[in-house]
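Colleague: Chain by chain, the residues:
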Amino acid sequence: MAEPSLKIGSRAVLESRDLQKLFDVLRAKGYRLIGPTVRNNVITYDELTSIEELPVGWTDVQEGAGYRLKKVGGKAFFNYGTGPDSIKRFLHPPLVRLWRARREGDGFKPVEETEAPPKYAFIGVRPCDLHAVAIHDRVFLSGEYADPSYALRRENIFVVAVNCVKAGNTCFCVSMNTGPKATVGFDLALTEILEGERHYFVVEVGSEAGAAVLREVPCREAGEDEKAAAERVVTETAEKIGRALDTAGVRELLYENPEHPFWDEVAERCLACGNCTMVCPTCFCTTVEDVTDLPGKAAERLRRWDSCFTEDFSYIHGGNVRASVRARYRQWLTHKLAAWLDQFGTLGCVGCGRCITWCPAGIDITEAVRALRGKEEKGRPPAAAETPGEYSGIQG
Amino acid sequence: MSARFPEPMVPRLFAVRKVRRETDDTFTLELQPENPPEGMAFAAGQFNMLYVFGVGEVPISISGDPEKPEILVHTVRAVGTVTKAICGLKPGGFLGVRGPFGTCWPVEEAAGGDVVLVAGGIGLAPLRPVVCQLLARRGEFGRVALLYGARSPKEMVYRLELARWEKRPDFDVKTTVDKPAEGWEGNVGVVTTLIPEVEFDPREAVAMVCGPEIMMRFTVLELQKRGVPEEKLFISMERNMKCGIGLCGHCQIGPYFVCKDGPVFRFDVIKPFFGKREV
Chain W
1 MAEPSLKIGS RAVLESRDLQ KLFDVLRAKG YRLIGPTVRN NVITYDELTS IEELPVGWTD
61 VQEGAGYRLK KVGGKAFFNY GTGPDSIKRF LHPPLVRLWR ARREGDGFKP VEETEAPPKY
121 AFIGVRPCDL HAVAIHDRVF LSGEYADPSY ALRRENIFVV AVNCVKAGNT CFCVSMNTGP
181 KATVGFDLAL TEILEGERHY FVVEVGSEAG AAVLREVPCR EAGEDEKAAA ERVVTETAEK
241 IGRALDTAGV RELLYENPEH PFWDEVAERC LACGNCTMVC PTCFCTTVED VTDLPGKAAE
301 RLRRWDSCFT EDFSYIHGGN VRASVRARYR QWLTHKLAAW LDQFGTLGCV GCGRCITWCP
361 AGIDITEAVR ALRGKEEKGR PPAAAETPGE YSGIQG
Chain S
397 MSARFPEPMV PRLFAVRKVR RETDDTFTLE LQPENPPEGM AFAAGQFNML YVFGVGEVPI
457 SISGDPEKPE ILVHTVRAVG TVTKAICGLK PGGFLGVRGP FGTCWPVEEA AGGDVVLVAG
517 GIGLAPLRPV VCQLLARRGE FGRVALLYGA RSPKEMVYRL ELARWEKRPD FDVKTTVDKP
577 AEGWEGNVGV VTTLIPEVEF DPREAVAMVC GPEIMMRFTV LELQKRGVPE EKLFISMERN
637 MKCGIGLCGH CQIGPYFVCK DGPVFRFDVI KPFFGKREV
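If you read the sequences in order, they're chains W and S.
Residues in the first sequence are numbered from 1 upward in steps of one, following the numbering used here.
Residues in the second sequence are numbered from 397 upward in steps of one, following the numbering used here.
Honestly, the hints are just simulated from the structure, not real lab data.
This structure is a prediction, so every number in the text was calculated from the model and none was measured.
Take the hints with a grain of salt, since some may be wrong.
When the alpha-carbon atoms are kept at most 30 angstroms apart in a straight line, the in silico DSS-like pairs for lysine-lysine are as follows [as the list claims (entries may be wrong)]:
1) S:Lys480 with W:Lys109
2) S:Lys656 with W:Lys109
3) W:Lys109 with S:Lys486
4) W:Lys7 with W:Lys119
5) S:Lys486 with W:Lys297
6) S:Lys621 with S:Lys563
7) S:Lys480 with W:Lys297
Could you build all of it, start to finish, from the sequences and the hints given here?
Modeller: Structure below.
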């Protein structure tokens with residue numbers, strides 16, 4: 001087995017029996033391995049040490065408001081779609097302590113945080129989620145103020161992506177240009193191939209770090225037939241992808257239809273539970289909690305994931321800006337598909353389909369866009385509230 | 397401080413030097429940083445996140461004189477848990493401060509022309525730094541007017557200063573109240589009723605407006621009736637804020653983060669999203 005001359009763009013063959021070697025090499029390099037495993041009746045990310053913990057023989061069945069694990073047997077490690085969580089949980093954790101402070105006299109003194117985040121290697125990241133990380137890079141790192149928590153966690157990651165071999169029913173990556181094949185943001189990208197008795201991965205090298213790791217793992221240069229098999233697998237997945245979202249002019253569609261009747265219709269169904277924002281790999285909103293110990297000597301500020309679907313989210317003195325569920329759903333969708341473009345130069349949706357699967361009411365973002373296109377509001381007179389009557393003084 | 401979460405995430409400690417009662421529920425605090433002692437440079441219109449130990453944090457606009465950054469001035473109305481705690485502080489007490497954040501009023505761009513300031517209620521607080529600058533550099537501006545409306549005479553802030561400003565021949569100060577009280581001999585009516593009375597050249601004027609959103613909507617309409625173009629009209633927006641630096645998502649209005657793209661917006665910029673129901 002000749003060691004291939006690995007560089008960015010190289011494709012190698014890794015036999016399935018050697019996948020554990022890849023795990024071992026990464027762990028030996030000090031990475032904490034985070035990968036897919038079956039927990040609580042879903043395929044979720046967790047810390048792994050062995051390929052035994054991967055969801056071998058499992059797949060999932062997803063639909064609007066539905067997720068079910070299914071035992072199908074076989075040897076495939078990655079024969080499933082996106083689970084409810086993404087690597088957002090590790091790079092932008094649901095709970096972060098921003099700082100602590102100790103009371104000193106009448107004042108207080110901040111106490112240094114010393115805990116360094118772990119060095120993560122992520123296994124089995126899907127192409128859509130790689131795009132989500134690229135989006136978070138813009139959100140957290142491109143502005144005047146970078147988020148130090150994200151920057152520290154993001155800095156040293158190693159990504160083993162997996163190209164999708166199973167087309168999800170709620171997925172719409174093809175229409176978002178985010179999948180099912182990884183094109184950016186990975187160190188190594190695996191395509192899992194099962195042909196009769198053969199079980200192997202075609203591994204694409206995405207970075208120098210990826211090449212360095214792969215040099216320590218038994219592999220060989222991929223043959224033309226193996227490369228073709230890998231291409232075929234993702235092409236077939238793309239052809240079978242469950243849904244599509246037409247992004248043409250979607251920014252204008254959202255901005256020009258704030259009073260579309262669809263918003264009332266969707267508000268009838270939306271429970272404002274915030275599930276879509278929790279499972280979304282790009283939703284980034286947070287709130288803070290300031291807490292003290294019982295004697296009031298020490299305080300800390302915690303940052304938690306928040307959701308624009310909560311009533312409090314827009315609270316200012318005098319009331320909530322978005323009091324109705326209609327306005328909150330509209331804000332979420334308008335942010336994702338319109339404002340995000342203005343803010344970060346990219347859509348805030350990667351087509352992973354999680355918001356469709358995990359919405360208890362089965363509200364479907366792709367249907368929402370179709371509904372908005374169906375009966376456009378353009379030309380409707382402005383809503384009554386937008387035509388001011390008479391100013392009667394300062395209220396509240 | 398920590399290399400891990402440096403500013404702007406971590407508050408700086410400021411000591412309360414003076415507290416002045418403005419109204420029943422509104423107080424002006426003068427603050428000075430503990431270390432280093434040189435204060436906080438800011439531009440008129442910017443805000444700080446003020447933190448009370450263990451209680452919480454709120455965005456409050458800066459009300460001091462930008463030329464005197466050694467004293468940080470905030471005017472706070474006690475309406476919630478944190479603002480009540482701030483208003484309960486006495487000289488010698490401490491606050492955490494993060495900032496200054498956000499955009500500023502177009503004081504430099506206004507030079508050479510007339511300036512019209514319109515404030516409602518505590519909306520005068522973010523405009524007070526502008527007044528300080530206009531009066532200190534009075535010769536650089538044309539006519540300068542302040543129109544100030546409050547619900548009642550006892551709800552007006554900066555009353556001593558207003559009286560001083562009203563005496564200046566080069567500063568056209570008009571005040572009004574929605575509901576008069578005994579002894580009030582001034583104007584009665586909403587602040588927009590003052591707009592037709594003020595003398596300025598709309599082609600060369602800049603208008604800066606701050607108050608409740610409903611007040612700003614009607615004020616903008618009146619100023620437009622007087623011929624002030626949208627590009628010369630500025631308003632200051634209020635939204636829920638947790639971070640102040642464009643990361644928490646709370647303060648969005650359309651494509652803007654009020655904390656970093658605002659709070660001061662040129663009217664034509666914010667217009668597509670301003671006054672729209674629940675945006």
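Colleague: Hint by hint, note whether the structure agrees.
Modeller: Results of checking the hints against the structure:
1. Taking the CA atoms of Lys480 (chain S) and Lys109 (chain W), the gap is about 22 angstroms. The hint holds against a cut of 30 angstroms.
2. The hinted pair formed by Lys656 (chain S) and Lys109 (chain W) meets the criterion: a straight-line CA distance of about 27 angstroms does not exceed 30 angstroms.
3. With a CA separation close to 19 angstroms, the supplied pair Lys109 (chain W) and Lys486 (chain S) stays within the 30 angstroms bound.
4. Using a Cα cut-off of 30 angstroms, the hinted pair Lys7 (chain W) and Lys119 (chain W) holds, with the two alpha carbons roughly 23 angstroms apart.
5. Taking the CA atoms of Lys486 (chain S) and Lys297 (chain W), the gap is about 19 angstroms. The hint holds against a cut of 30 angstroms.
6. A hinted pair counts as satisfied when its Cα atoms are at most 30 angstroms apart, and Lys621 (chain S) with Lys563 (chain S) qualifies at roughly 29 angstroms.
7. Between Lys480 (chain S) and Lys297 (chain W) the alpha-carbon distance is near 21 angstroms, which keeps this suggested pair within the 30 angstroms criterion.
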